[in-house]
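Student: Sequence:
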Amino acid sequence: MKRLVLYVHHDPKGDVRDYILYCLKGLKEVVDDILFIVNGQITPKARHDVEALGVQILVRENEGFDWGAWKAGLEYYGYDKIAEYDELLLTNNTYYGPIYPFSEMWTEMDKRDCDFWGIAKHPKTDMLWIENDPKSVMLEHIQSYWLVFKKRVLKSADFKNYWAGVTQHHSFEEMVGYGETKLTDYFYRHGYSYDTYLNFEKYSRLCYSNPTFLTYKAVKEDRCPIAKRKYFYDPNFRNFDFNNHEMSGPKKLLEFLSKEELYDVRMIIKDLVQNAPMSQIADRIGLNYVFPVNESPLSIKDCHLKTAVIMYIYPMDLIDYCYQYAKNVPEQINIIIVNTSKAVQKACQNVFGQLKNKVEYRLQQNRGRDNTALLVTCRDVIEQYDVICFVHSKKSPYFLHGIIGEYFRNHNFDSLLYSKEYIENVLDKFSKNIDLGLCVPFIPTSSHYKNLLDNKWGVNWQNAKSVLQEKFDLDISPDKNVMGPWGGMFWCRTKALKTLSSYPWAFEDFPEEPLEKSDGLLTHALERLMSTLAQHDGYLTAWISPIPLAEEALGNLYYLYRHVRAEKQIVVQNNSSVEILTPKDFCDFRKNKRRLWKYKLLSKITFGKMRKKYKKKRKALKFKLKLIKSILKK
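Here the sequence shown stands for residues 13 to 646, numbered as in our numbering.
You may find that some hints are simply not true.
[Unchecked claim] The list that follows gives simulated cross-link-like pairs (lysine to aspartate or glutamate, EDC-like), each with its CA atoms no further than 16 Å apart: (1) Lys37 with Glu63; (2) Lys441 with Glu267; (3) Lys40 with Asp61; (4) Lys93 with Asp45; (5) Lys370 with Glu343; (6) Lys232 with Glu272; (7) Lys282 with Asp27; (8) Lys25 with Asp283; (9) Lys232 with Glu273; (10) Lys162 with Glu120; (11) Lys406 with Asp531; (12) Lys162 with Asp98; (13) Lys313 with Glu120; (14) Lys57 with Asp27; (15) Lys492 with Asp295; (16) Lys136 with Glu152; (17) Lys318 with Asp283; (18) Lys162 with Asp207.
For the record, the hints were derived by calculation from the structure and aren't laboratory data.
Could you build the full structure based on these sequences and the hints that come with them?
Tutor: So this is what it looks like as structure tokens:
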């Protein structure tokens, strides 16, 4: 059986990733010839890697998407030459595989009585793929990432006529609407039968739309040899209600592939890190780690990762607070204390000297706070250690209630240094997952901080983009759904700080004390960019939590969900009709502007333009009260 493959590839940088090379090797086991069609460009190294596999390369302009590339490949060979092959596979780089040998699927499909076949097919829907164009309706069709035509089709005039009629596709929507959804129907109407490897009836009962939603089931139960890339990062594959039971599918699939040693999941991770925002990756593959606090699978003595904890301690009154957490650090882990005054440093030496850990003390000028403590004063620590934990004695004085800031500080310290066993669990995760770069506390789900779930960037978006370009010379966009360490505290693999720490930071890069504003500064941009920079260095970011905090957060999230649902279900009777209004609509309907006005006023006092004015008034009031008390005592 003589087979030819036309494999379409596109990468903006001209790279060919490991998963593609692995797929080409798998195809070479079952086909005779492969034409690797590059839409755009290919680097010399990538070209060498592909040609080393005995694969021929055709480079063309990046136009026409898959259909334009396949048509170019067919014309490159010529239709007479194509007809000499027994089978032709049209495929592309949109999947990972082979998970199982391609020969297994091909052997099965050789038994089927059909003229062309694929792996899966999409059912007919009433959806128009191109808006206002009835010709783009979604017909039943074989999904185009894998199309095999047998000799009867290849020798026919219908095959040549189909490709002669293919016009240039100028968008992905056109390619799907006029290419993918029409090809199957064209050949079926011309008398050719088709089939798919996966049982369409089984999957149509489970899923009324794209069978890619059920990839985990298809791989595990039906030995599907591929997994679509978008299954691991596309947010649409999480948003559909019918897909709720498969929301954890990508994570389960990675675990299954790794456990059964069917596929090197690192190829998937490396591709995802280069291809999708970290928040989407985290949503799909479940980068949420909840660790026990009283037991761990790792003996710290056996940990091969050289580890240190850096503590930036500024105010005198938080020395004992930090010490209580430092006592949880296993004695094999070094601790570096950074201060800005000799008095605080001396007090730290008296307190932390009780520890069995090796403790080092460093002094810096009072500028840049925790940022300079890490990036300037402890720059060499990043170079010397494999993993570090960074915490600082954070206070949030801009809150009207001090307990809010205290809650946030506790949340961060508990998330990172809850207990000795908890720390060992974190290090165990770094040991086992070499792609893990950052472990950050999850966003608090109560008090003011729950607002971060909706507004993660605030006034820092443009500031962050400027930092990326000016400091790091990176023309990339930050992740809109930040997975950064709120409060600037985290565990990290130091290699994930390569880009961040390679910039020659100096104290002069940061504003002098006292700060003129509480938001929109370099420090706020950097904490939101840390996961983006770690991803640029090739590493994942994960949320972490000890079990007690996760239990508390679960209750808070349920409460928030019920609260939001209740607000959205405000029902107003209006002439026997019922309207469902949002909270803002309800305020307008009731002419209740007071609630919105109070919210805006409090926001301005807490964070905005009025903060400085009211801060001065609070200081003046405190002074008057102190004066009155002293007079009364006399």
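Student: Would the hint linking Lys232 and Glu272 be met if the CA-CA limit is 16 Å?
Tutor: Holds: Lys232 and Glu272 sit about 10 Å apart, inside 16 Å.
Student: Can the restraint linking Lys93 and Asp45 be considered satisfied, given a maximum Cα separation of 16 Å?
Tutor: holds, 12 Å
Student: Given the hinted pair Lys232 and Glu273, is their Cα-Cα distance within 16 Å?
Tutor: holds, 13 Å
Student: Mind checking the alpha carbons of Lys25 and Asp283 for me, to see if they're no more than 16 Å apart?
Tutor: The hint holds at about 13 Å.
Student: Does Lys282 pair with Asp27 here, judged by a C-alpha cut-off of 16 Å?
Tutor: It holds: about 13 Å lies between the C-alpha atoms, which stays within 16 Å.
Student: So if I understand the rule, the pair passes when the alpha-carbon distance is 16 Å or less; does Lys313 with Glu120 pass?
Tutor: violated, 52 Å
Student: Holds or violated: Lys57 and Asp27, Cα atoms, limit 16 Å.
Tutor: Holds - the C-alpha atoms of Asp27 and Lys57 are around 8 Å apart, at most 16 Å.
Student: Holds or violated: are the alpha carbons of Lys37 and Glu63 at most 16 Å from each other?
Tutor: Answer holds: Lys37 to Glu63 is near 11 Å, not above 16 Å.
Student: Hint check: Lys162 vs Glu120, CA-CA at most 16 Å. Holds or violated?
Tutor: At roughly 14 Å apart (the allowed maximum being 16 Å), Glu120 and Lys162 satisfy the hint.
Student: For Lys136 and Glu152, compute the direct alpha-carbon distance and say whether it is at most 16 Å.
Tutor: Given that 16 Å is the threshold and the Cα spacing comes to 4 Å, the pair holds.
Student: Take a quick look at whether Lys441 and Glu267 sit within 16 Å of each other, Cα to Cα.
Tutor: Distance ~14 Å between Lys441 and Glu267 Cα, so the pair holds.
Student: With the threshold set at 16 Å, check whether the alpha-carbon distance from Lys370 to Glu343 stays at or below it.
Tutor: Holds, because 8 Å separates the two Cα atoms, which is no more than 16 Å.
Violated hints for the displayed structure, listed by number in ascending order: 13, 17.
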